[in-house]
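Undergrad: Sequence:
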Amino acid sequence: MKPITEHRKFESIEAYLAFEEKSEIRHEYYFENLVEMAGTTKQHNRIVFFLTLLFKQGLSDQAFEISSEQVKAFIESENIFFYPDVMVANPEENEFFNSQPILIAEVLSGNTRKFDMVDKFIQYQKLDTLQYYLLVEPEKHLVIVHKKNKAADWQTDTYTSLTDIIDLPALQISIALKDIYKV
Numbered sequence: 171m172k173p174i175t176e177h178r179k180f181e182s183i184e185a186y187l188a189f190e191e192k193s194e195i196r197h198e199y200y201f202e203n204l205v206e207m208a209g210t211t212k213q214h215n216r217i218v219f220f221l222t223l224l225f226k227q228g229l230s231d232q233a234f235e236i237s238s239e240q241v242k243a244f245i246e247s248e249n250i251f252f253y254p255d256v257m258v259a260n261p262e263e264n265e266f267f268n269s270q271p272i273l274i275a276e277v278l279s280g281n282t283r284k285f286d287m288v289d290k291f292i293q294y295q296k297l298d299t300l301q302y303y304l305l306v307e308p309e310k311h312l313v314i315v316h317k318k319n320k321a322a323d324w325q326t327d328t329y330t331s332l333t334d335i336i337d338l339p340a341l342q343i344s345i346a347l348k349d350i351y352k353v
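Take the sequence shown: its position 90, counted from the start at 1, is 260 in our numbering, and no numbers get skipped.
Everything labelled a hint here was simulated from the structure, so no lab data went into it.
Keep in mind the model is a prediction, meaning the values are calculated, not measured.
One or more of the hints may lead you astray.
To be verified - Quick list of in silico lysine-lysine cross-link-like pairs, DSSO-like style, CA-CA up to 27 Å:
1. K212 <-> K179
2. K318 <-> K296
3. K310 <-> K284
4. K284 <-> K352
5. K317 <-> K179
6. K348 <-> K212
7. K212 <-> K310
8. K212 <-> K284
9. K284 <-> K317
10. K318 <-> K179
11. K317 <-> K348
12. K296 <-> K212
13. K284 <-> K318
14. K348 <-> K284
15. K310 <-> K226
16. K226 <-> K212
17. K320 <-> K179
18. K352 <-> K310
19. K352 <-> K317
Stated by the list, open to error - Cβ pair distances, simulated, as ranges:
20. W324 <-> S182: 15 to 23 Å
21. G280 <-> F219: 18 to 26 Å
22. P261 <-> D323: 24 to 32 Å
23. E262 <-> W324: 22 to 30 Å
24. D334 <-> E202: 18 to 26 Å
Note that the Cβ used here is the ideal one computed from N, Cα and C, for glycine as well.
Turn these sequences into a full structure, and let the hints steer you where they fit.
TA: Spelled out as structure tokens, the structure:
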């Protein structure tokens, strides 16, 4: 089942945020379309929890904000709001969104796989601060990591072994694949 999409133009960012605050259902805002957020599986939820925990523990002595699923990423140049599964960002005063993420992770699902892998990645690349975009397959051991290099080009690494270690030098941490899947 595809997420429900409704075309709707808001007069301002504040109008979207006010609508979203009152809504019982979360919506991403993508080129004047409200995209209803799909439900999740237990495995999806476990992976989001483990990733969030790994970043909270690994970055506890640094001044990053770590959020999962409820805080929006804002791509200001396009007036787009997404709800990443996990986000590590520079602190901002706004309580509802962050426009300075360093890392974004999405746990893939049948409903969102293509959108997360293609459409969101295209938009996330417009965030100057973003260094890493992680895509995690919930049903098999596979993590795709897009990393921005010093020339501001993106390279892709794929991790499939539970013994693999994902190095994230801009955050000064490494995470083991086995810790994402907790097997």
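Undergrad: Any of the earlier hints contradicted here, and which numbers?
TA: The structure breaks hints 1, 5, 10, 12, 17, 20, 24; every other hint is satisfied.
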